[in-house]
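Novice: The residues making up each chain are set out below.
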Amino acid sequence: MADSKDAGEEALRRLIATFQPSFLAPNPALSETSRAASRHLFSALRPFCPKSPLDQLLIDGFDAEQIWQQIDLQSQPLLSSLRRQVKHFAKNPEEISKLKVVPLGKKVEKEQREDWVEESDGFDEELEDDEEGEGKGGEEGMDIEDEDEEQGRESDNEEESEGEDEEEKGEDGEAGDGGIEDKFLKIDELAKYLEKEEENFEKAEEDTRGKKGADDEENTEDDDDDDEEEEEEEEESDEVSVLLGMLSLDLAAKMQQGTWKMQGMDLFYGVFLTLEHCGWDEQFILLLRYEDFFGDKGKYSKKMKAQLHQESEGSDEEDDDMKFKKQNKGTASTHQKQLEKIHSKIEEMEKANLEPKTWTMQGEVTAAKRPKNSALEVDLDFEHNVRPAPVITEEVTASIEDMIKKRITEGNFNDVQKAPKLPSKVPREVKELDDNKSKKGLAEIYEQEYVEKEDPTSAPLSFRDEQKQQASVLFKKLGLKLDALAHFSFAPKPVIEDMSVQINVPALAMEEIAPVAVSDAAMLAPEEVFEGKGDIKEETELTKEERKRRRANKKRRFKAAAVKRMGKKVQEGALPNQMNG
Amino acid sequence: SNMVLSSMEVEAAPEAKPLPPKPKFEPLKPHEMSDGQFQFRKVSVPQHRYNPLKKAWMDIYTPIYEQMKIDIRMNLKARKVELKTRPDTPDISNLQKCADFVHAFMMGFDVVDAIALLRLDELYVESFEIKDVKTLRGDHLSRAIGRLSGKGGKTKFAIENATKTKIVIADTKIHILGSFANIKIARDSLCSLIMGSPAGKVYSKLRAVTARLAERF
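Note that the protein sequences, when read in sequence, are chains A and B. Counting the first sequence from 1 gives a position; our numbering is that position plus 17. Counting the second sequence from 1 gives a position; our numbering is that position plus 51.
Quick caveat, the hints were computed from the structure, so don't treat them as lab data. Hints may contain errors.
[What the hints assert, rightly or not] Below, a list of computed lysine-lysine pairs in the DSSO-like style, where the Cα atoms sit at most 27 Å apart:
hint, chain 1, residue 1, chain 2, residue 2
1, A, K456, B, K135
2, A, K457, B, K128
3, B, K131, A, K454
4, B, K131, A, K456
5, B, K202, B, K256
6, B, K148, A, K456
7, A, K209, A, K220
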């Protein structure tokens with residue numbers, strides 16, 4: 018135990034000794050020492066927290082966040098108890114003297130105080146003044162860059178220092194007062210202010226706790242949030258005032274000693290971050306000037322205090338508002354309120370329905386029916402069936418030209434290809450009119466005609482080409498011989514129907530033995546030969562009724578013809594009679 | 052002095068002699084048909100056909116003398132071609148055919164064309180004048196003649212080829228040689244040309260007609 022204690026103290030001492038900015042960069046060794054120091058401090062504070070569930074700060078394998086949570090677990094109830102005690106002591110100052118002194122080495126105390134000064138989150142300036150008095154001004158811990166270990170350490174130190182402060186207060190009360198008092202800082206004013214804030218905080222807490230008990234159903238979460246906010250604000254305001262005080266004190270100390278370790282921008286940044294951490298607006302921070310800090314003390318303190326008061330008042334007001342809201346909700350339940358809302362909405366809509374509609378909702382509206390220039394105000398939507406004309410830019414023309422070139426190189430023209438028309442009929446041989454003098458004499462022409470008539474095979478060819486003509490003549494001879502082999506009963510070439518006059522080839526031509534190249538394809542079909550209409554039936558096919566009908570028709574026709582004949586005969590008979598007579 | 056028969060006496064009919072055999076007569080030769088007299092035809096020769104006749108005389112003479120068996124001679128003084136039958140002329144109509152043949156030549160037809168008259172029976176020559184169709188004077192007449200012939204005679208030839216006829220346009224006279232139907236078609240075409248229709252129209256009509264003609268087989 019003593020060893021570990023020593024180790025912890027050693028770690029703490031080492032931390033103090035380290036160069037401040039080194040905390041900015043992650044350093045495993047440094048984190049180890051800080052962890053050890055935190056543990057030492059934690060265990061040191063353990064006797065003062067009866068409710069704490071942890072006996073020792075667990076650091077092996079724990080995250081910074083987890084360590085901080087552990088510290089928080091211990092410090093939160095401790096803080097509240099301390100506050101109460103401080104308030105109590107503020108009311109009854111004589112009891113301070115009655116306090117017991119905790120047996121701790123003065124050296125250690127001093128060291129701890131130094132540590133506390135390094136941090137910027139502190140509560141009591143008495144300690145600082147003590148340090149000032151001792152002529153400390155070594156390190157400045159203005160960096161509130163978030164290193165969780167540091168924060169943990171800070172809170173530990175805070176708690177420790179608080180405890181010590183109380184003790185010290187008991188020890189050297191008046192001596193401390195003499196040291197702290199500065200140009201612009203009055204201890205009494207500060208104490209009063211702190212008191213006031215704490216009272217408000219406590220009241221709010223009690224109220225909310227009370228409310229919690231009463232209305233658990235309604236907005237517990239909201240209350241919690243509000244409480245937290247209030248707490249935070251109060252804390253912040255507390256912190257701010259104290260911080261500023263600290264800042265000023267520190268700077269004053271520096272000035273006194275003539276050692277400016279922090280210069281220019283560093284100072285500015287330190288201040289800025291401090292204040293931001295406390296939740297101040299950036300703008301407000303920037304409004305602060307040197308005079309505010311080191312000018313008329315009265316001006317500063319009053320101004321700041323006024324600001325702080327406003328803030329606190331603001332928070333107070335907010336608290337009040339929230340309390341009020343909670344009371345209102347109490348009168349009408351949310352369901353009822355919703356119903357009211359809906360009803361009002363319904364009424365509104367019904368009223369709107371009864372009234373005549375706006376012109377935009379009326380369907381077809383002429384210009385006379387709507388107010389003047391009202392169409393300009395409404396965003397009318399037209400359907401444009403026309404694609405907007407393309408904006409011709411250089412890129413567009415370049416792209417088109419590229420496409421053209423590509424297509425030309427490929428040879429890909431979208432030429433319209435004519436659909437091939439199916440030959441419906443054989444193209445008739447168009448006899449061209451020859452307007453040259455015929456080489457043949459008339460006799461030859463008629464001779465040829467006669468021969469053609471007699472022998473169809475010797476038809477003149479309509480080819481112009483001589484060679485073609487000769488070739489076709491030869492083939493015709495060959496064809497004739499081949500056809501003769503088959504007795505001219507070959508199946509003819511499938512000729513496409515053409516509108517030529519069909520002549521009935523006499524059947525006798527087919528029967529002739531002499532090979533005549535006449536095919537019966539040119540013959541007329543039986544239905545073409547047939548003249549008549551309807552379904553011709555033979556005598557044997559007729560039914561009785563049909564036979565009767567036929568006979569009746571025949572008789573009718575015969576009688577009609579007979580009457581006609583009689584009429585004629587009568588006419589003729591009349592004449593000779595006349596002649597005779 | 053002979054005894055006058057006072058009474059009517061029936062003379063006894065002479066005894067029936069057997070009928071003489073039927074006389075077998077040879078068919079009359081054409082020469083004999085005309086009672087053994089020769090027949091003549093005289094075809095006058097116009098002046099513009101004089102030289103061509105001289106050139107083509109042998110072509111004319113040979114078929115007439117050899118095949119038609121008709122005597123032919125040229126009377127220079129009278130400027131006529133004379134044709135005479137011979138006793139061995141096979142047919143009476145030969146003379147007429149020869150006369151027509153020579154006449155056709157005189158009209159202006161070519162020998163090879165006119166020969167067709169000798170060979171085919173149904174060929175005729177029709178002649179008409181332009182003024183028969185339409186009264187035209189001066190330039191119009193000239194233009195009509197020009198229309199009939201066409202450029203280089205191509206219209207005339209077109210009609211000839213299409214209708215299987217031969218046409219001779221002699222100033223205002225037009226002669227057509229061919230079969231009856233063909234003459235008609237040619238005549239119609241020529242008349243339409245005289246009347247003023249353009250050659251293209253005539254051509255199209257000719258085409259239609261000839262196509263119809265060709266289908267007759």
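Novice: So, against the hints stated earlier in the document, which numbers end up violated here?
Specialist: 1, 2, 3 and 4
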